[in-house]
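Please work from the sequences and hints to get the whole structure.
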Amino acid sequence: MSKHILGTFDEALGSLRNDVLTMGSLAERAVALASKSLFSRDTDSCRSVIADDEAIDELEKQVDRDGIEIIVRFQPLASDLRSVISAMKISGNLERVGDLAVGIARRTRKLNENTAIPEIPMLGEAFRIAQEMFRDSLRSFGGEDEALARTLKDRDEPLDQLCKNFDRVLTEAMVRNPGQVREYLSLAIITRNIERIGDHATNIAEDAVYAMSGRDIRHSDSGAGK
Amino acid sequence: MPATTETTETYVTAAVRSDYIRIENFSFYYTATKVLHDITMEIPERKITAFIGPSGCGKTTLLRNFNRMNDLIDGVRHEGRILVNDQDIFDPDLEVISLRKRIGMVFQKSNPFPKSVYENIVYSLRVAGQNNRAILDDVVERSLRGAALWDEVKDRLHESALGLSGGQMQRLCIARAIANQPEILLMDEPCSALDPIATAKVEELMEGLKKDFTIVIVTHNMQQATRVSDRTAFFYLGKLIEYDETKRIFTTPSNRRTEDYITGRFG
Numbered sequence: 013m014s015k016h017i018l019g020t021f022d023e024a025l026g027s028l029r030n031d032v033l034t035m036g037s038l039a040e041r042a043v044a045l046a047s048k049s050l051f052s053r054d055t056d057s058c059r060s061v062i063a064d065d066e067a068i069d070e071l072e073k074q075v076d077r078d079g080i081e082i083i084v085r086f087q088p089l090a091s092d093l094r095s096v097i098s099a100m101k102i103s104g105n106l107e108r109v110g111d112l113a114v115g116i117a118r119r120t121r122k123l124n125e126n127t128a129i130p131e132i133p134m135l136g137e138a139f140r141i142a143q144e145m146f147r148d149s150l151r152s153f154g155g156e157d158e159a160l161a162r163t164l165k166d167r168d169e170p171l172d173q174l175c176k177n178f179d180r181v182l183t184e185a186m187v188r189n190p191g192q193v194r195e196y197l198s199l200a201i202i203t204r205n206i207e208r209i210g211d212h213a214t215n216i217a218e219d220a221v222y223a224m225s226g227r228d229i230r231h232s233d234s235g236a237g238k
Numbered sequence: 007m008p009a010t011t012e013t014t015e016t017y018v019t020a021a022v023r024s025d026y027i028r029i030e031n032f033s034f035y036y037t038a039t040k041v042l043h044d045i046t047m048e049i050p051e052r053k054i055t056a057f058i059g060p061s062g063c064g065k066t067t068l069l070r071n072f073n074r075m076n077d078l079i080d081g082v083r084h085e086g087r088i089l090v091n092d093q094d095i096f097d098p099d100l101e102v103i104s105l106r107k108r109i110g111m112v113f114q115k116s117n118p119f120p121k122s123v124y125e126n127i128v129y130s131l132r133v134a135g136q137n138n139r140a141i142l143d144d145v146v147e148r149s150l151r152g153a154a155l156w157d158e159v160k161d162r163l164h165e166s167a168l169g170l171s172g173g174q175m176q177r178l179c180i181a182r183a184i185a186n187q188p189e190i191l192l193m194d195e196p197c198s199a200l201d202p203i204a205t206a207k208v209e210e211l212m213e214g215l216k217k218d219f220t221i222v223i224v225t226h227n228m229q230q231a232t233r234v235s236d237r238t239a240f241f242y243l244g245k246l247i248e249y250d251e252t253k254r255i256f257t258t259p260s261n262r263r264t265e266d267y268i269t270g271r272f273g
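Here the protein sequences come in this chain order: A and B. Just so you know, we're using this note's numbering here: the first sequence kicks off at 13 and counts up by one. Just so you know, we're using this note's numbering here: the second sequence kicks off at 7 and counts up by one.
Among the clues, some could well be false.
From chain A, some residues computed to sit far from chain B (all C-beta separations above 12 Å) [as the list claims (entries may be wrong)]:
#	residue
1	A44
2	E125
3	D166
4	Q192
5	A200
When the alpha-carbon atoms are kept at most 27 Å apart in a straight line, the in silico DSS-like pairs for lysine-lysine are as follows [to be verified]:
#	chain 1	residue 1	chain 2	residue 2
6	A	K122	A	K48
7	A	K15	B	K245
8	B	K40	B	K207
9	B	K245	B	K207
10	B	K107	B	K253
11	B	K115	B	K207
12	A	K15	B	K217
13	A	K101	B	K115
14	B	K107	B	K53
None of these hints come from the bench; they were simulated from the model. Glycine included, C-beta positions come from ideal geometry on N, C-alpha and C.
The structure is reproduced here in structure tokens:
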């Protein structure tokens, strides 16, 4: 798209977008470290995820401040308005993904203090899907790839199903191992966080579609809708 | 005024027409220069329709055609038709004065007559031979109330209109325009010379006026168009580029040129 007559408007929009992309990179790194901490029993990674979350939180506030300033100074319309609103909404989702990674890291740190739970590797597939969904949601926003963004909605359902199935596995394991109920409950919460990362990836993709085309695909059956 | 019909017990609002003003393949020329190109659009009754576009795009020229103000310019001609409530406004049998009674106009710069507030309102009625004091008093109060100006000037009705503030003068011109109870109110950048408070008062007034009048406003202020209008038409180089619901034009316009104009990428 061509530049605005007002160069400062382009600069402000560019800065807002860069902050969101930086947040995305930090959140993606946090999710990757959370995964490593869980599957490799790497407690150092847990500490990094927890420590790095503050930067994501600060960027969320920065994006809100910048978004409000753009609205006040430039009164954006059409695609500009959509990109500001979407950036602010996506930043909220990224902050939540950061928190979910922290939640996984905190639970994993506790789990790593005890004997390994044999069911943990069974969660690998769900975590992989959630990570891929999250990465693709960021790529769709960063690369303005509407077709990729529209795939996210349909990919969330299999992830939800995997997590549900794993919950059943955990319930049965708790019955068999009543002495490890606390650990299995932690794993159930981790599972829930993984499923929620998929939900936030879907939200980010929906906001990216809105920014690109103005189409609101939320609450429709699939990303192909509307 | 095309508003209500009385029944035995209640007033029933007549159905609102979506094509109160119908423009059909309308082109307009200043001598050899074609300034409007084959415009076709329908303007709904008792709604506010905004015309936007860069200077020289033809929006004011089209507006001024609705009450045939361009007739006053030498060497103009047109092709196509404009119908107001199904009546062709270029019909040779139509009296222009009767058309202008049906279509009030408010200009960019307020232009009160150098007379009292009262005489500004009743001027056209007096010209038409109406001198009944009670009727004139009633028109003055109704028009000034309709223009949200009554409370501010009711004690100064016989003082010069030129002593009013800019915002009050513009609302006086609106009061004068509605004194004849027109069907349509044309507004050509009515707030461009007003401060934000006076602008807000005129915009609030427009919201009330559309219950009774079909309003067409030309504005360069995008935010004003988004605030006050129901539908927006974007013109560029004499062509109607896009015409849609205002909220759609300003959030998801269909045409790239509309997008570029309203986001400040050209113009």
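Violating hint indices (sorted, rising) = 8, 9, 10, 12 and 13
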